[in-house]
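A.B. asks: Sequence:
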Amino acid sequence: MSTTSGVTAAAEKPIRFGLIGCGQLGIVHAERLTAIPGVMVTAVSDPDAGAMERTIAASANPADSPAIVSFNDYRVLLSSEDIDAICISSPNPWHVEQIVAGLERGVDILCEKPLSMEPAQVQRVIDATAASGKKVMIGYQSRYRRDNRILRRCIQSGKWGKVTSISVFTCEDWITPNVNTWRHDPERCPGGFFADANGHQIDLLFWLTGLKPDWVRATMQNRGTPNPMVIWGESRLSTPGKPNPDFAPDGIPFTFMFAGHARHWSEEIRIQTEGADFILHDTKLFWTDGNHAEEPFPEELVHPDDAINDTPDTAFVKALRGGVEIASPPDTVWPVLRFTLAGLASANESKLIDCAQFA
Numbered sequence: 118m119s120t121t122s123g124v125t126a127a128a129e130k131p132i133r134f135g136l137i138g139c140g141q142l143g144i145v146h147a148e149r150l151t152a153i154p155g156v157m158v159t160a161v162s163d164p165d166a167g168a169m170e171r172t173i174a175a176s177a178n179p180a181d182s183p184a185i186v187s188f189n190d191y192r193v194l195l196s197s198e199d200i201d202a203i204c205i206s207s208p209n210p211w212h213v214e215q216i217v218a219g220l221e222r223g224v225d226i227l228c229e230k231p232l233s234m235e236p237a238q239v240q241r242v243i244d245a246t247a248a249s250g251k252k253v254m255i256g257y258q259s260r261y262r263r264d265n266r267i268l269r270r271c272i273q274s275g276k277w278g279k280v281t282s283i284s285v286f287t288c289e290d291w292i293t294p295n296v297n298t299w300r301h302d303p304e305r306c307p308g309g310f311f312a313d314a315n316g317h318q319i320d321l322l323f324w325l326t327g328l329k330p331d332w333v334r335a336t337m338q339n340r341g342t343p344n345p346m347v348i349w350g351e352s353r354l355s356t357p358g359k360p361n362p363d364f365a366p367d368g369i370p371f372t373f374m375f376a377g378h379a380r381h382w383s384e385e386i387r388i389q390t391e392g393a394d395f396i397l398h399d400t401k402l403f404w405t406d407g408n409h410a411e412e413p414f415p416e417e418l419v420h421p422d423d424a425i426n427d428t429p430d431t432a433f434v435k436a437l438r439g440g441v442e443i444a445s446p447p448d449t450v451w452p453v454l455r456f457t458l459a460g461l462a463s464a465n466e467s468k469l470i471d472c473a474q475f476a
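Heads up, the sequence shown is in our numbering, so the first residue is 118 and it goes up one at a time.
Hints are computed from structural coordinates only; laboratory data are not their basis.
All values reported here derive from a predicted model rather than from experimental measurement.
Virtual Cβ for every residue (Gly too), placed ideally from N, Cα, C.
Watch out, some of these pointers could steer you wrong.
[Stated by the list, open to error] Listed next, the in silico DSS-like pairs over lysine-lysine satisfying Cα-Cα at most 30 angstroms (straight line):
hint, residue 1, residue 2
1, Lys-251, Lys-130
2, Lys-279, Lys-359
3, Lys-329, Lys-279
4, Lys-329, Lys-468
5, Lys-401, Lys-276
6, Lys-279, Lys-130
7, Lys-468, Lys-359
8, Lys-251, Lys-359
9, Lys-359, Lys-329
[Said to hold, decoys possible] Each pair of labels, with its calculated beta carbon distance range:
hint, residue 1, residue 2, range
10, His-409, Lys-130, 46 to 54 angstroms
11, Pro-421, Lys-468, 44 to 52 angstroms
12, Pro-164, Lys-468, 50 to 58 angstroms
13, Val-296, Glu-235, 25 to 33 angstroms
14, Thr-405, Pro-236, 38 to 46 angstroms
15, Asp-448, Glu-304, 20 to 28 angstroms
16, Glu-304, Thr-281, 53 to 61 angstroms
Construct all of the structure, not just a fragment, from the sequences and the given hints.
C.D. replies: As C-alpha cells, this is what we get:
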C-alpha cells in the first residue's frame, strides 16, 4: 500500500508520533501523519483539553490501535515510552525549548516554522541537533511541492542563465481567523504575518535561487491589529561567496508585497533569468522563453525526481525510513531569519538595513 507521495509502509513496527500543540496545524498534522501507512499518533499535548480532543478525533489510526493518550504538559508526553518521533505545532516562542527537550529524550522531530526570531536560539537548536544524531525537520512545506522542485532544478541548472530580477506577492486573511489568538500577540508571535506566514515565501525564494539578501528597505502596517499585517519593500540579492555587484551596481533587485489583510489566499513569485521568465502562481509553475505566451512548464522537461508532491509529513517519514535526505534541517532557517529581522528593523527605523548585521 502506498500514498500518492510514494510513502510505503516499512516492514518493521509502525512509527509512533506524539503531537505537541493541538491548534489548527496540530489537526492538519494529525490527519496527514495518520494517512501514511505504518504511522500512527499515540499521544497529544496541549494546555487546552478541547483542542486535544479535536486533534485525537482527526487522527485516523488503525481501528485496533490503542487509545491516544493526552497530556496537558509536553514534558510528560516526552516521558512516554510509546513515541518514536514528535511533531511540534505549538506557538512560536516554545519551539526551541521543545525541540531541545525532544532531542534530550532521543526522538526525531518535525517542527513548524519559524524556528526562532533569535539567532542564538537558532544556533542552539543546530548544535543540539548535531550532538544528538537525530533528525530534525523545519516545516517549510514549499520545498516539498512538485512545481517548486521543478523550478529549482531549472534555475540551478544554469540552462536559462543567471537570475536577473525577482518579485513576490502574497496575500491572505490573517486578521479574521486570528482575532484573540496567539498570532495577534506581539509577545508570542513577534513580527506578525511577515515573520510567521511569509517565512514560506522567503524560504522558497532563497532555496530556489541559492541567493542571499544584502540589504532590505521595508514599510509595515498593523491594519488595526496588535501585530504587523502588511509589509512591502525592496531588497538586493547576491550570490554567496561572490562580491557584489552580480548585475546592477547594487545587486539583483527583489521587490515584495505581503498583505495579511486580504479576503483570499494567493501567491505569485516571478523570477526572470537571462533566458526565460518563470512564474509560480498559486503553487503552479508557468514559464516563457519569449517564443510563446506564459504557459505551464512542459512535462517533457520535468526530471523524474521532481515529479512527486510531498508534504513535510510525508517527506519526514521518508527520511525516517532512510529514503531521502531532509531538505529543511534547522540550519536552513538562516537566510529567512536574516531577511526577516532586517525587514522588521527597516520598517521600524524607516531606513535601509544591511542584512549582514544579523549574521
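A.B. asks: Look at each hint and say if it fits the structure.
C.D. replies: Right, here's what the structure says about each hint:
For the suggested pair Lys-251 and Lys-130, the alpha carbons sit about 19 angstroms apart, so the restraint of at most 30 angstroms is met. Under the criterion of a C-alpha separation no larger than 30 angstroms, the hint pairing Lys-279 with Lys-359 is consistent with the structure, at around 14 angstroms. A hinted pair counts as satisfied when its Cα atoms are at most 30 angstroms apart, and Lys-329 with Lys-279 qualifies at roughly 14 angstroms. A distance of roughly 20 angstroms separates the Cα atoms of Lys-329 and Lys-468; the hinted pair therefore holds under the 30 angstroms criterion.
Taken as a hint, the Lys-401 and Lys-276 pair is honoured in the structure, with Cα atoms around 20 angstroms apart against an allowance of 30 angstroms. At most 30 angstroms may separate the alpha-carbon atoms for a hinted pair to count; Lys-279 and Lys-130 exceed this at roughly 47 angstroms. For the proposed pair Lys-468 and Lys-359, the alpha carbon gap of about 25 angstroms is at most 30 angstroms, so the pair holds. The suggested pairing of Lys-251 with Lys-359 is violated, with an alpha-carbon distance near 33 angstroms, which exceeds 30 angstroms.
For the hint pairing Lys-359 with Lys-329, the CA-to-CA distance comes to about 10 angstroms; that is within 30 angstroms, so the pair holds. Checked against the hint of 46 to 54 angstroms, the pair His-409 and Lys-130 passes, with Cβ atoms roughly 53 angstroms apart. Against the hinted window of 44 to 52 angstroms, the Cβ-Cβ separation of Pro-421 and Lys-468 comes to about 48 angstroms, which satisfies the hint. Between Pro-164 and Lys-468, the C-beta spacing of about 41 angstroms breaks the proposed range 50 to 58 angstroms.
Val-296 and Glu-235 have their C-beta atoms about 27 angstroms apart, which keeps the hinted 25 to 33 angstroms range intact. In this structure, Thr-405 and Pro-236 meet the distance hint of 38 to 46 angstroms, their C-beta atoms being roughly 40 angstroms apart. Taken as a hint, the range 20 to 28 angstroms holds for the pair Asp-448 and Glu-304, whose Cβ atoms sit roughly 27 angstroms apart. One distance hint, 53 to 61 angstroms for the beta-carbon pair Glu-304 and Thr-281, is violated here, with the actual separation near 41 angstroms.
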